[in-house]
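Engineer: Residue numbers are given in this note's numbering: position 103 of the sequence shown equals residue 103, and the series is strictly consecutive.
It is possible that some hints are incorrect.
To be verified - Pairs of lysine-lysine, DSS-like flavour, derived with a Cα cap of 25 Å: (1) Lys109 x Lys4; (2) Lys177 x Lys144; (3) Lys144 x Lys201; (4) Lys109 x Lys241; (5) Lys201 x Lys4; (6) Lys94 x Lys8; (7) Lys132 x Lys8; (8) Lys86 x Lys295; (9) Lys114 x Lys142; (10) Lys201 x Lys114; (11) Lys94 x Lys112.
Simulated from the structure, these hints should not be mistaken for laboratory data.
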Amino acid sequence: MIDKKIIKTYACINKENNIREISTSGGTFYELARWFINEGGIICAACFDNEFNVVHDFCEDESQINRFMGSKYAPSLLAGTYAKVKEELGKGRKVLFAGTPCQVAGLAKFLKKKYENLFLVDFICHGVPDAKVWKKYLEFLKTKGTIKKINFRNKKNSWYDYSFTVDYTDGSTFSEKMSDNAYLQAFVQNLSLRKSCYNCKSRGFNRCSDITLGDFWGVDRQVPQAYDDRGTSALFINTEKGKEIFDNIRDKFDLYEVDINAITGGNPSYFYNVEEHRKRQKFFDTIDECKDIEKLINQCLKEPVWSKVKRKIKNIIKKLFCNV
1 MIDKKIIKTY ACINKENNIR EISTSGGTFY ELARWFINEG GIICAACFDN
51 EFNVVHDFCE DESQINRFMG SKYAPSLLAG TYAKVKEELG KGRKVLFAGT
101 PCQVAGLAKF LKKKYENLFL VDFICHGVPD AKVWKKYLEF LKTKGTIKKI
151 NFRNKKNSWY DYSFTVDYTD GSTFSEKMSD NAYLQAFVQN LSLRKSCYNC
201 KSRGFNRCSD ITLGDFWGVD RQVPQAYDDR GTSALFINTE KGKEIFDNIR
251 DKFDLYEVDI NAITGGNPSY FYNVEEHRKR QKFFDTIDEC KDIEKLINQC
301 LKEPVWSKVK RKIKNIIKKL FCNV
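Make the full structure from the sequences, and use the hints.
Structural biologist: See the structure below:
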């Protein structure tokens, strides 16, 4: 558990626009990884393998950092990862491990002791889709051609209204706005998450990380000078070790110190578990035999008529009271 009395929180924007453009939010992770590698360290974080499964892998070459950038809304495979981290730490190597709060907690438990040469980064986590869902959706994407690149959060047109984009080797592209993409909607509406994510024990201050990263949702209201719809990071310095590391790269960013509530107000998942979607069980009871994953998701997310009517009545009442 981290000491909430020493946490410092910031809105954070990388001064190098080219790095910020290829980042999901403000381009913070890239600088942490680059500094670590240039100091002779090694990073361990999530990336795609050749089949576009998400896996944790290692990197000690600055030119390869791009593989580890960008949000990946799928569970990362950790086979042998913790043991490899321990091996590198035993050699005296500096290791930066980045993952979900529960993955970071799992590594800390596996190691059984603290290492001065280990630096831990997690992020504000909504939850992680079950492996079955990504497998089914990936099969659907592969029916369209040979995949070249997947971007869960393409912010070319907008950081707030991002798109799910897949580039294929034949030059074609599959792209849908977040609000139209079945996979992302199943994620944000809590239909596809792992069962454990609805009762996660690694939220709030009950985490082991030195730094926590995330999107600063609501920055346009809280820190308007740090907003241009191109991505702004939320940065939590959780420990003295985190501060010491970040002090080496803080000149790479435009930083705006804020109260923690300014960030968590737009990121309730920092503190709170999400509620399980009412049709989650039906969804997972059906998914194994499912031939059309998009259709199944859309059927489960379809709002019943009574719910629509209830919502419309609430909106009418709100308008009536606002006009009194």
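Engineer: Can you confirm whether the C-alpha distance between Lys144 and Lys201 stays at or below 25 Å?
Structural biologist: violated, 39 Å
Engineer: Measure nothing beyond the straight line between the CA atoms of Lys132 and Lys8; if it is 25 Å or shorter, mark the hint as holding.
Structural biologist: It is violated: about 38 Å lies between the C-alpha atoms, which goes past 25 Å.
Engineer: Please work out if Lys94 and Lys8 have their alpha carbons no farther apart than 25 Å.
Structural biologist: Roughly 24 Å separates the two Cα atoms, so the pair holds.
Engineer: Between Lys114 and Lys142, does the CA-CA distance stay at or below 25 Å?
Structural biologist: violated, 43 Å
Engineer: Sort out whether Lys4 lies within 25 Å of Lys109, counting only the CA atoms.
Structural biologist: Holds, because 21 Å separates the two Cα atoms, which is no more than 25 Å.
Engineer: Does the structure keep Lys86 and Lys295 at a Cα separation of 25 Å or less?
Structural biologist: violated, 44 Å
Engineer: Would you check the hint for Lys177 and Lys144, treating anything up to 25 Å between C-alpha atoms as holding?
Structural biologist: Status holds; Cα separation ~18 Å.
Engineer: So if I understand the rule, the pair passes when the alpha-carbon distance is 25 Å or less; does Lys201 with Lys4 pass?
Structural biologist: This hinted pair holds, its Cα atoms lying about 16 Å apart.
Engineer: Would the hint linking Lys94 and Lys112 be met if the CA-CA limit is 25 Å?
Structural biologist: Holds, because 18 Å separates the two Cα atoms, which is no more than 25 Å.
Engineer: Checking one constraint from the list: CA of Lys109 to CA of Lys241, max 25 Å. Satisfied?
Structural biologist: holds, 19 Å
Engineer: Checking one constraint from the list: CA of Lys201 to CA of Lys114, max 25 Å. Satisfied?
Structural biologist: holds, 20 Å
Violated hints, listed in ascending order, are 3, 7, 8 and 9; each of the other numbered hints is respected by the structure.
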